[in-house]
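There are 2 protein chains.
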Amino acid sequence: MTPSRDAFEARLRQIGADRYHDRHPFHTLLHGGGCTPDQVRAWVINRYYYQHSIPMKDAAFMSRVEDPGLRRRWRSRIEDHDGTDTNEGGIRRWLRLAEAVGLDPDYVASTRGVLPATKFAVDAYVRFVREKTLLEAVAASLTELFAPKIHKDRIAGLLQNYDFADDSSLSYFQNRLKEAPKDVAFGLGWVLDHADTQEKQDAAAAALVFKTDVLWSQLDALHAAYVEPARIPPGGWQPGEGLLNRQAA
Amino acid sequence: MTPSRDAFEARLRQIGADRYHDRHPFHTLLHGGGCTPDQVRAWVINRYYYQHSIPMKDAAFMSRVEDPGLRRRWRSRIEDHDGTDTNEGGIRRWLRLAEAVGLDPDYVASTRGVLPATKFAVDAYVRFVREKTLLEAVAASLTELFAPKIHKDRIAGLLQNYDFADDSSLSYFQNRLKEAPKDVAFGLGWVLDHADTQEKQDAAAAALVFKTDVLWSQLDALHAAYVEPARIPPGGWQPGEGLLNRQAA
Numbered sequence: 021m022t023p024s025r026d027a028f029e030a031r032l033r034q035i036g037a038d039r040y041h042d043r044h045p046f047h048t049l050l051h052g053g054g055c056t057p058d059q060v061r062a063w064v065i066n067r068y069y070y071q072h073s074i075p076m077k078d079a080a081f082m083s084r085v086e087d088p089g090l091r092r093r094w095r096s097r098i099e100d101h102d103g104t105d106t107n108e109g110g111i112r113r114w115l116r117l118a119e120a121v122g123l124d125p126d127y128v129a130s131t132r133g134v135l136p137a138t139k140f141a142v143d144a145y146v147r148f149v150r151e152k153t154l155l156e157a158v159a160a161s162l163t164e165l166f167a168p169k170i171h172k173d174r175i176a177g178l179l180q181n182y183d184f185a186d187d188s189s190l191s192y193f194q195n196r197l198k199e200a201p202k203d204v205a206f207g208l209g210w211v212l213d214h215a216d217t218q219e220k221q222d223a224a225a226a227a228l229v230f231k232t233d234v235l236w237s238q239l240d241a242l243h244a245a246y247v248e249p250a251r252i253p254p255g256g257w258q259p260g261e262g263l264l265n266r267q268a269a
Numbered sequence: 021m022t023p024s025r026d027a028f029e030a031r032l033r034q035i036g037a038d039r040y041h042d043r044h045p046f047h048t049l050l051h052g053g054g055c056t057p058d059q060v061r062a063w064v065i066n067r068y069y070y071q072h073s074i075p076m077k078d079a080a081f082m083s084r085v086e087d088p089g090l091r092r093r094w095r096s097r098i099e100d101h102d103g104t105d106t107n108e109g110g111i112r113r114w115l116r117l118a119e120a121v122g123l124d125p126d127y128v129a130s131t132r133g134v135l136p137a138t139k140f141a142v143d144a145y146v147r148f149v150r151e152k153t154l155l156e157a158v159a160a161s162l163t164e165l166f167a168p169k170i171h172k173d174r175i176a177g178l179l180q181n182y183d184f185a186d187d188s189s190l191s192y193f194q195n196r197l198k199e200a201p202k203d204v205a206f207g208l209g210w211v212l213d214h215a216d217t218q219e220k221q222d223a224a225a226a227a228l229v230f231k232t233d234v235l236w237s238q239l240d241a242l243h244a245a246y247v248e249p250a251r252i253p254p255g256g257w258q259p260g261e262g263l264l265n266r267q268a269a
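These protein sequences, in sequence, are chains A and B. In terms of this note's numbering, the first sequence is residues 21 to 269. In terms of this note's numbering, the second sequence is residues 21 to 269.
Worth flagging that the hints you see were computed from the coordinates, not collected in a lab. Take these hints with a grain of salt, some might be off.
You can't tell identical chains apart in this list, so a pair holds if it fits in one copy or across any two.
Straight-line C-alpha distance at most 25 angstroms; calculated SDA-like pairs for lysine to any residue [stated by the list, open to error]:
no.	residue 1	residue 2
1	K220	G255
2	K172	P75
3	K198	A80
4	K152	G255
5	K152	M76
6	K152	P254
7	K169	R251
8	K152	Y70
If we strip away everything but chain A, and leave its shape as in the complex, we get (with noise of 0.2 angstroms):
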């Protein structure tokens, strides 16, 4: 017999219990205020390719939704990304903070110095949508059910402990804050309507550990590279690369 609505619920819940990066010891050193300039610079740099690369991971998604209803209801997170007319998009918004933390944004932009461990994982996202069941792309993207927790924590634990965070540069954060509830709310009801056999209930919540993966393992590089002992690999960004001419001189 298939598991319950509420028990599926419970069991994709628990992966983000178990296996979220908010448990990552990256993120305890970041929001405690344990981080360098030169380490909060590299999360920037390296988490402006995921971002950089999930609105063509939703453009990946659309691209085989035959229902213009799903896809009218997917867009708005390619908008809340790139931006509209009257907003700047996340994007944008990534960026300044990049400014903020003294990198150069068109550095930060052009990808260069992104470490390879971090854009094999985020591809491997892209393609993972591109190339599964709608089902498991869709439930890929639960892990915004465990992003409002940390992005308040995030918020105030930048507001605290470094002199760069303001409203203009956590600007990406605040407005994830409101973004995401509603995306989130559509995916978890629209996985938990079609996953209606144990089988897919199953792929659902591996779709799920897959994204927990994807976004652990950005972190491990981060810290690998970045923490001592750090060992940064060839190609991967180096202090003082990319920064903003103010900060150079």
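On the provided structure of chain A, position chain B as indicated by the hints.
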């Protein structure tokens, strides 16, 4: 003007000198006898995922080659790994190594416990070969130019430092010393012949850089997970799992 064949070959060889994973600290540990049994096991488990993906990569390549001669020339790579009536093949040899270090070969072959970051990197390579030009796909294989030295160092280092090392457990590396040179001589000639513009040389060089990133990232993930201060990510192999019965007893 397009740089000469010799200058282009020197450029490719320099990429190896700068970025090949023989320079990674995990290999220094491994070859110098500094790895614990569990660190060797973690390496065997994760590296298996690479070995098991290589014939899929080669099949992806052949699926895009229209010239029967080139496909015939390439086919021996799959035979070398998957085996023939008279050759057990590299994958079985790798599982013999797994057994020699106390791992259940069925556990290793299941690829459970492989680090997510290993999967992301290796899968990126398979997809690279599936999606990029044939020139880039062949150029990415040229890390084999740099492999004989690391295989010789590894055989010598493992024999000297670890009880499990003998002709049987190390036969994978002994065989690669015989197999790789014929492959790479062909691959290098093919790339030098076909990269006949600056743009193609640049693309081939970038493909080789990409491949060095694939190899380096695997060791970075292994080092971060299993060398102190070790941080095994969710889903990664935990020491004690997947042992042969005689070891667990």
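A quick look at each hint next to the structure:
1. K220 x G255: Only across copies: K220 and G255 sit 21 angstroms apart there, 40 angstroms inside one copy, limit 25 angstroms.
2. K172 x P75: Intra 23 angstroms, inter 46 angstroms, cutoff 25 angstroms: intra-copy only.
3. K198 x A80: within (24 angstroms within a copy, 44 angstroms between copies)
4. K152 x G255: between (31 angstroms within a copy, 21 angstroms between copies)
5. K152 x M76: Both: 15 angstroms inside a chain and 19 angstroms across chains, each within 25 angstroms.
6. K152 x P254: between (32 angstroms within a copy, 22 angstroms between copies)
7. K169 x R251: between (31 angstroms within a copy, 24 angstroms between copies)
8. K152 x Y70: both (19 angstroms within a copy, 22 angstroms between copies)
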